[in-house]
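Colleague: Chain by chain, the residues run as shown.
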Amino acid sequence: MLNYTLRRLMAVIPTILILIVFCFFLMRLAPGGPFTSERPLPPAVMKNVLERYGLDEPLYVQLWTYLKNIILHFDFGPSFSQKDRTVNDLIAQGFPVTLTYGFFSALFVLALGVPLGVIAALRHNSFWDYVMTGLAIFSQIFPNFVLAPIMVLLFTLSWGLLPGGGWNGGQWPYVIMPAVALGTSYMASVARLTRGSLLETLSAGYIRTARAKGLPERTVLIRHALKPALLPVISYMGPVFVYMITGSVFIDIFFSTGGIGQNFIDAAYTRDYAVILGLAILYSVLTFALLLIVDLIYAWIDPKIRSGL
Amino acid sequence: MTLLSVQDLSIRFRTPDGYVHAVNNVSFDIEEGEKLAVVGESGSGKSQIALAILGLLANNAEASGRILYKGQNLLDLPRREMNKIRAKEISIIFQDPMSSLNPYMTVERQLNEILELHEGLRGRAARSRVLEVMEAVQIPDAKNRLKSYPHEFSGGMRQRIVIAMALLCRPKLILADEPTTALDVTVQAQIMHLLEDIQKEYGSSIMLITHDLGVVAGFCNETLVLYGGRVMERAGTAAIFAAPAHPYTRGLMRAVPNIHDPSATLQSIPGQPPNQTRPLVHCPFAGRCGDSLEACFDILPELSPAPHQRACIRAVEELT
Numbered sequence: 001m002l003n004y005t006l007r008r009l010m011a012v013i014p015t016i017l018i019l020i021v022f023c024f025f026l027m028r029l030a031p032g033g034p035f036t037s038e039r040p041l042p043p044a045v046m047k048n049v050l051e052r053y054g055l056d057e058p059l060y061v062q063l064w065t066y067l068k069n070i071i072l073h074f075d076f077g078p079s080f081s082q083k084d085r086t087v088n089d090l091i092a093q094g095f096p097v098t099l100t101y102g103f104f105s106a107l108f109v110l111a112l113g114v115p116l117g118v119i120a121a122l123r124h125n126s127f128w129d130y131v132m133t134g135l136a137i138f139s140q141i142f143p144n145f146v147l148a149p150i151m152v153l154l155f156t157l158s159w160g161l162l163p164g165g166g167w168n169g170g171q172w173p174y175v176i177m178p179a180v181a182l183g184t185s186y187m188a189s190v191a192r193l194t195r196g197s198l199l200e201t202l203s204a205g206y207i208r209t210a211r212a213k214g215l216p217e218r219t220v221l222i223r224h225a226l227k228p229a230l231l232p233v234i235s236y237m238g239p240v241f242v243y244m245i246t247g248s249v250f251i252d253i254f255f256s257t258g259g260i261g262q263n264f265i266d267a268a269y270t271r272d273y274a275v276i277l278g279l280a281i282l283y284s285v286l287t288f289a290l291l292l293i294v295d296l297i298y299a300w301i302d303p304k305i306r307s308g309l
Numbered sequence: 001m002t003l004l005s006v007q008d009l010s011i012r013f014r015t016p017d018g019y020v021h022a023v024n025n026v027s028f029d030i031e032e033g034e035k036l037a038v039v040g041e042s043g044s045g046k047s048q049i050a051l052a053i054l055g056l057l058a059n060n061a062e063a064s065g066r067i068l069y070k071g072q073n074l075l076d077l078p079r080r081e082m083n084k085i086r087a088k089e090i091s092i093i094f095q096d097p098m099s100s101l102n103p104y105m106t107v108e109r110q111l112n113e114i115l116e117l118h119e120g121l122r123g124r125a126a127r128s129r130v131l132e133v134m135e136a137v138q139i140p141d142a143k144n145r146l147k148s149y150p151h152e153f154s155g156g157m158r159q160r161i162v163i164a165m166a167l168l169c170r171p172k173l174i175l176a177d178e179p180t181t182a183l184d185v186t187v188q189a190q191i192m193h194l195l196e197d198i199q200k201e202y203g204s205s206i207m208l209i210t211h212d213l214g215v216v217a218g219f220c221n222e223t224l225v226l227y228g229g230r231v232m233e234r235a236g237t238a239a240i241f242a243a244p245a246h247p248y249t250r251g252l253m254r255a256v257p258n259i260h261d262p263s264a265t266l267q268s269i270p271g272q273p274p275n276q277t278r279p280l281v282h283c284p285f286a287g288r289c290g291d292s293l294e295a296c297f298d299i300l301p302e303l304s305p306a307p308h309q310r311a312c313i314r315a316v317e318e319l320t
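Taken in sequence, the protein lines are chains A and B.
Straight run, no breaks: the first sequence in this note's numbering ends on number 309.
Straight run, no breaks: the second sequence in this note's numbering ends on number 320.
Since the hints were derived computationally from the structure, they do not count as laboratory data.
Note that the structure is a prediction, hence the values are computed from the model and not measured.
Mixed in with the good hints, there may be bad ones.
Claimed, not checked - Here are the computed lysine-lysine pairs in the DSSO-like style, where the Cα-Cα straight-line distance is at most 27 Å:
#, chain 1, residue 1, chain 2, residue 2
1, B, Lys147, A, Lys304
2, B, Lys143, B, Lys200
3, A, Lys227, B, Lys200
4, B, Lys70, B, Lys200
5, B, Lys88, B, Lys200
6, B, Lys84, B, Lys70
7, A, Lys227, B, Lys70
8, A, Lys68, A, Lys83
9, B, Lys200, B, Lys84
10, B, Lys143, B, Lys88
11, B, Lys143, A, Lys304
12, B, Lys88, B, Lys147
Please model the complete structure; the sequences and the hints are all you need to start from.
Modeller: See the structure below:
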């Protein structure tokens with residue numbers, strides 16, 4: 001198991017390298033650059049600026065300098081569009097924000113989605129099952145950019161219960177709406193996934209065996225059915241969790257939370273090469289980490305996978 | 001002494017297309033220490049009877065009649081009371097050992113949770129009992145296999161584990177639902193011998209559900225033949241094999257390949273299994289029976305009195 005984890009971690013390094021090279025050239029292929037504007041800069045100024053950021057060097061030299069700085073100094077370079085700020089600064093400032101509301105959003109998704117799915121499965125084809133399924137479909141057709149304005153209308157403007165935006169150091173009233181707006185449609189997916197998966201598990205032969213042992217239904221559910229039923233939910237949550245903690249562009253803009261989703265958009269508009277690349281690396285490292293965690297949870301639950309590691 | 005008495009048991013399933021009548025007014029007793037074979041083709045309702053005894057019928061099933069055990073009707077028993085009987089007094093061996101063990105749990109855990117529940121045994125006491133039973137079902141190197149998972153065992157070994165599970169609490173009655181059907185022929189014989197030995201040692205009654213007459217002949221002292229969810233014949237195994245008294249049983253016997261004359265054509269019973277979507281109004285076998293009269297399509301024959309019970313309006317001497 002430890003061996004497997006190390007092997008997987010080792011495989012991440014070359015993958016990230018390939019990814020950096022790929023993104024690096026892809027960005028340069030896109031028309032425009034960090035310093036192109038409608039009114040061209042005077043050539044002398046342009047030359048100065050390009051020199052300042054090393055953009056006058058051949059591409060392979062730029063790439064080599066970039067990689068060297070990352071490996072030797074963990075330095076992702078200066079932002080091209082925001083003066084005197086480095087990519088490290090921007091991530092250090094924005095990532096804790098998105099990590100916070102992303103984490104609570106994921107918590108909300110699981111804490112509500114799984115029990116709802118379980119209840120619906122246990123009350124299969126009954127009133128509560130239909131209520132749950134209806135609710136899930138209803139939530140799923142409300143993407144966050146529809147739900148967020150509605151929530152602000154209700155909770156901020158009408159009832160004055162929650163602040164309509166800002167972050168304020170991540171105090172809980174400021175976290176609630178971003179987390180809920182971001183998570184609701186995923187929560188509905190998790191509920192439906194849990195319901196379907198648990199229904200299937202409950203019809204398995206070994207569940208009948210567990211009942212034939214005389215175990216009370218609660219023990220049958222918790223000890224025998226829940227683990228296998230949650231496997232699809234776990235593999236679904238891996239990428240979703242990455243998406244959540246790397247910041248939803250919409251949530252960051254709408255609630256002015258100041259997370260890295262905002263940086264993503266700004267960087268794309270201004271062709272801020274360093275920021276785009278830095279965020280892409282952050283995104284991919286998180287993705288690898290989460291997928292590894294999902295695989296390890298799988299191995300922990302399923303002995304067949306464990307013995308294959 | 002009668003251990004379990006099934007009286008007028010009917011089981012039907014609600015489906016989108018109406019009811020399916022799987023078991024129709026079946027009555028029989030199982031005596032203490034008896035080995036009863038319940039024989040019938042697929043769809044004859046034999047597995048459903050076993051599931052009904054333990055209250056494990058599917059949610060869309062409706063059972064009526066009575067299943068008396070120690071003076072209580074198992075069909076009316078609340079789940080809490082039923083749980084005290086399951087595995088402790090009446091245990092079941094399912095057909096497919098590949099699916100009846102939990103793939104996510106060690107074998108030891110799956111066995112000792114039964115002891116924990118019914119006997120309050122934990123830790124070392126539970127382990128020694130588990131080992132004792134695993135050795136009784138002849139799992140080699142049992143001590144080192146306690147922490148193994150089901151997928152690390154072969155099919156035959158898994159079925160031994162399932163049998164061990166059924167034996168843990170020394171139940172009064174073991175329901176064996178086609179315990180060897182999913183296994184190789186050589187392993188089948190081993191498992192049947194094992195069941196026989198265990199039955200002798202533990203003195204439990206066994207209800208063996210099977211479609212394999214060979215298994216019945218070698219193992220059971222009583223035989224019950226089911227067709228279309230109805231009892232066709234019941235008698236001592238020897239009597240049934242010597243003189244089958246129902247056209248269906250005779251058909252079954254003829255369908256067994258003859259070892260003394262391998263060139264003989266294998267006979268089958270012509271026709272289709274009965275339509276179970278309507279309640280029975282006449283003998284379910286009438287449509288496929290070579291000896292049927294017009295009256296067979298009007299009358300639902302009752303079972304004749306013991307010792308050799310049969311449900312047929314024709315006299316034994318008249319049968320072909």
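Colleague: Are lysine 143 of chain B and lysine 88 of chain B close enough, with their CA atoms no more than 27 Å apart?
Modeller: holds, 24 Å
Colleague: Quickly compare the C-alpha distance for lysine 147 of chain B and lysine 304 of chain A to 27 Å and report which way the hint goes.
Modeller: holds, 13 Å
Colleague: With a cut-off of 27 Å on the C-alpha distance, tell me whether lysine 227 of chain A and lysine 200 of chain B pass.
Modeller: Given pair lysine 227 of chain A, lysine 200 of chain B is violated - Cα atoms ~39 Å apart, limit 27 Å.
Colleague: For the pair supplied as a hint, lysine 88 of chain B and lysine 200 of chain B, is the alpha-carbon distance within the 27 Å limit?
Modeller: holds, 18 Å
Colleague: Sort out whether lysine 147 of chain B lies within 27 Å of lysine 88 of chain B, counting only the CA atoms.
Modeller: Answer holds: lysine 88 of chain B to lysine 147 of chain B is near 24 Å, not above 27 Å.
Colleague: Could you grab the alpha-carbon distance between lysine 143 of chain B and lysine 200 of chain B and see if it respects the 27 Å cut-off?
Modeller: The hint holds at about 25 Å.
Colleague: Is the Cα-Cα distance between lysine 227 of chain A and lysine 70 of chain B 27 Å or less?
Modeller: violated, 37 Å
Colleague: Does lysine 304 of chain A lie within 27 Å of lysine 143 of chain B when you go C-alpha to C-alpha?
Modeller: holds, 21 Å
Colleague: Does lysine 84 of chain B sit within 27 Å of lysine 200 of chain B, going by the straight-line distance between their CA atoms?
Modeller: Answer holds: lysine 200 of chain B to lysine 84 of chain B is near 25 Å, not above 27 Å.
Colleague: Between lysine 70 of chain B and lysine 200 of chain B, does the CA-CA distance stay at or below 27 Å?
Modeller: Satisfied, since the Cα-Cα distance of roughly 22 Å is no more than 27 Å.
Colleague: Under the criterion that the straight-line Cα-Cα distance not exceed 27 Å, is the pair lysine 68 of chain A, lysine 83 of chain A satisfied?
Modeller: Holds: lysine 68 of chain A and lysine 83 of chain A sit about 22 Å apart, inside 27 Å.
Colleague: Need the status of pair lysine 84 of chain B, lysine 70 of chain B: alpha-carbon distance at most 27 Å?
Modeller: Within the cut-off at roughly 13 Å; holds.
Hints 3, 7 from the list above are not met by this structure, while the remaining hints are.
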